[in-house]
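Enquirer: Protein chains in written order, with this note's numbering: chain A, 1 to 193; chain B, 1 to 177.
Derived by calculation from the structure, the hints in this document are not laboratory data. Misleading hints may appear alongside valid ones.
To be verified - Here are the in silico distance ranges between beta carbons for each label pair:
#, chain 1, residue 1, chain 2, residue 2, range
1, B, Leu3, A, Lys167, 11 to 21 Å
2, B, Asp26, A, Gly185, 34 to 44 Å
3, B, Pro22, A, Gln157, 33 to 43 Å
4, A, Lys54, B, Glu7, 31 to 41 Å
To be verified - Straight-line Cα separation of at most 30 Å, DSBU-like style, residue types lysine-lysine; simulated pairs:
#, chain 1, residue 1, chain 2, residue 2
5, A, Lys154, B, Lys120
6, A, Lys54, A, Lys167
7, A, Lys81, B, Lys75
8, B, Lys99, B, Lys21
9, A, Lys167, B, Lys75
10, B, Lys99, B, Lys86
11, B, Lys114, B, Lys101
12, B, Lys31, B, Lys86
13, B, Lys21, B, Lys33
14, B, Lys44, B, Lys75
15, A, Lys167, B, Lys33
16, B, Lys17, A, Lys54
17, A, Lys81, B, Lys5
18, B, Lys5, B, Lys31
19, B, Lys31, B, Lys17
20, B, Lys76, A, Lys81
21, A, Lys170, B, Lys44
22, A, Lys81, B, Lys120
23, B, Lys33, A, Lys170
24, A, Lys54, B, Lys5
25, B, Lys75, A, Lys54
26, B, Lys75, A, Lys154
Just so it is clear, CB atoms sit at the ideal spot from N, CA and C, and this is done for glycine as well.
As a plain string of letters, each chain reads:
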Amino acid sequence: MLTGISIIPIFAEPTGQENAGLYACKYPGHEQDALTELFYEWHDEVYLNRVCSKNTNRLTLATVFRLKIRPAVIQLLCEAKELESLLIPGPDNWYSGYPAEIGRRFEELHRTPSLHRKLKSIAVRSGKNLLRIYALSLTPELFIITGGGIKLTKSIQEDPALDLEYKKIKLVDRALRQSEISPSGFINQVINI
Amino acid sequence: MELTKEEELRQIAEELKLLVKPPEPDIDYSKSKGWLKDALWRQKNRNWLNESHIIAGLVLEALDERGWSQADLAKKMGVSRQAVNKYVRGSYNFTLMQKHKLQDALGIELNAYKAEEEFKAEMERIKAEGLDISTMFHTDGFHGFEDAEPAANTPKENTQPETDITHITRSDSEAAA
């Protein structure tokens, strides 16, 4: 375990034979994986208030609300619920085709450079929504969530926090390739790289 | 000089230290049972959690208006600062006694239903003024990484997406739910 990254199965086919499922990175110094942390933060009033307060210059309706940030917080909370509902697999926690369905809910994040390595960067989105989850796709049915964030700028490069997320995806991609972990290595177990 | 696999992985570990932000210091992640269990719990308890969020929002707003800290409120209520910190997170199951103590300390009514109605009315007022809530932020949707610098060794013919870009709309997600 040289990089300190653990890849945690969030949701995988129990026997692991299908090499399909949703995994998330857990980074050194962190108690939980990236997906768990994101939704913890996105359901936290204090955290959301803090983010919105820091970005009042980007909240165009703030003046309408006499500089209150409540509408922005509510929008983010609603989005978090919607996004979480999209990812929850269903009452039986597994059904055939679920990973592919998850795949359709993600969109291509970047047309290059990883396509020729059969790795794709993707983001969950819904219309004009602001919450983003970033992941690598090893196959159309196998996803590794690397992180996410609140996208308040037009391009990701404008936001230093999201720019770091982009660099993180590329780094996890590199770590996977260096560790020579292929999709067949994902067998519903924690993978330390 | 070419790096060995081990050296490369160690280098990645060093780079990672600069990229990964530390966990939020005031969030207690230890209570999590993993995302899926957390998510199912949140879904099952959505109604009272919504109410808890509204109350937390009202308390935070009141603190802000008064210029009070959470410690000030704790002192007024005669409870610990940690207790107040739990109240304002949006996932606390208040007892009636705690709710009334909060109301008395802040001198406001913590009526989640009324607050929600008032909020909806304000939204309607905004809509009537011709403003679209979806344009609340200075963003016009997804721009992705299109402007990101492609890797230097990426051949041009590989720049096309492997699959069509799928745009999820609210109605899509509702249909899927």
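Enquirer: None of the hints should be skipped; say for each whether it holds.
Expert: To see whether the hints hold, each was checked on the structure:
{"no.": "1", "hint": "B:Leu3 <-> A:Lys167: 11 to 21 Å", "result": "19 Å, holds"}
{"no.": "2", "hint": "B:Asp26 <-> A:Gly185: 34 to 44 Å", "result": "37 Å, holds"}
{"no.": "3", "hint": "B:Pro22 <-> A:Gln157: 33 to 43 Å", "result": "23 Å, violated"}
{"no.": "4", "hint": "A:Lys54 <-> B:Glu7: 31 to 41 Å", "result": "39 Å, holds"}
{"no.": "5", "hint": "A:Lys154 <-> B:Lys120", "result": "28 Å, holds"}
{"no.": "6", "hint": "A:Lys54 <-> A:Lys167", "result": "23 Å, holds"}
{"no.": "7", "hint": "A:Lys81 <-> B:Lys75", "result": "34 Å, violated"}
{"no.": "8", "hint": "B:Lys99 <-> B:Lys21", "result": "35 Å, violated"}
{"no.": "9", "hint": "A:Lys167 <-> B:Lys75", "result": "45 Å, violated"}
{"no.": "10", "hint": "B:Lys99 <-> B:Lys86", "result": "13 Å, holds"}
{"no.": "11", "hint": "B:Lys114 <-> B:Lys101", "result": "19 Å, holds"}
{"no.": "12", "hint": "B:Lys31 <-> B:Lys86", "result": "13 Å, holds"}
{"no.": "13", "hint": "B:Lys21 <-> B:Lys33", "result": "22 Å, holds"}
{"no.": "14", "hint": "B:Lys44 <-> B:Lys75", "result": "34 Å, violated"}
{"no.": "15", "hint": "A:Lys167 <-> B:Lys33", "result": "28 Å, holds"}
{"no.": "16", "hint": "B:Lys17 <-> A:Lys54", "result": "24 Å, holds"}
{"no.": "17", "hint": "A:Lys81 <-> B:Lys5", "result": "41 Å, violated"}
{"no.": "18", "hint": "B:Lys5 <-> B:Lys31", "result": "37 Å, violated"}
{"no.": "19", "hint": "B:Lys31 <-> B:Lys17", "result": "25 Å, holds"}
{"no.": "20", "hint": "B:Lys76 <-> A:Lys81", "result": "34 Å, violated"}
{"no.": "21", "hint": "A:Lys170 <-> B:Lys44", "result": "36 Å, violated"}
{"no.": "22", "hint": "A:Lys81 <-> B:Lys120", "result": "18 Å, holds"}
{"no.": "23", "hint": "B:Lys33 <-> A:Lys170", "result": "28 Å, holds"}
{"no.": "24", "hint": "A:Lys54 <-> B:Lys5", "result": "42 Å, violated"}
{"no.": "25", "hint": "B:Lys75 <-> A:Lys54", "result": "27 Å, holds"}
{"no.": "26", "hint": "B:Lys75 <-> A:Lys154", "result": "43 Å, violated"}
Violated hints, in rising order: 3, 7, 8, 9, 14, 17, 18, 20, 21, 24 and 26; the structure is consistent with all others.
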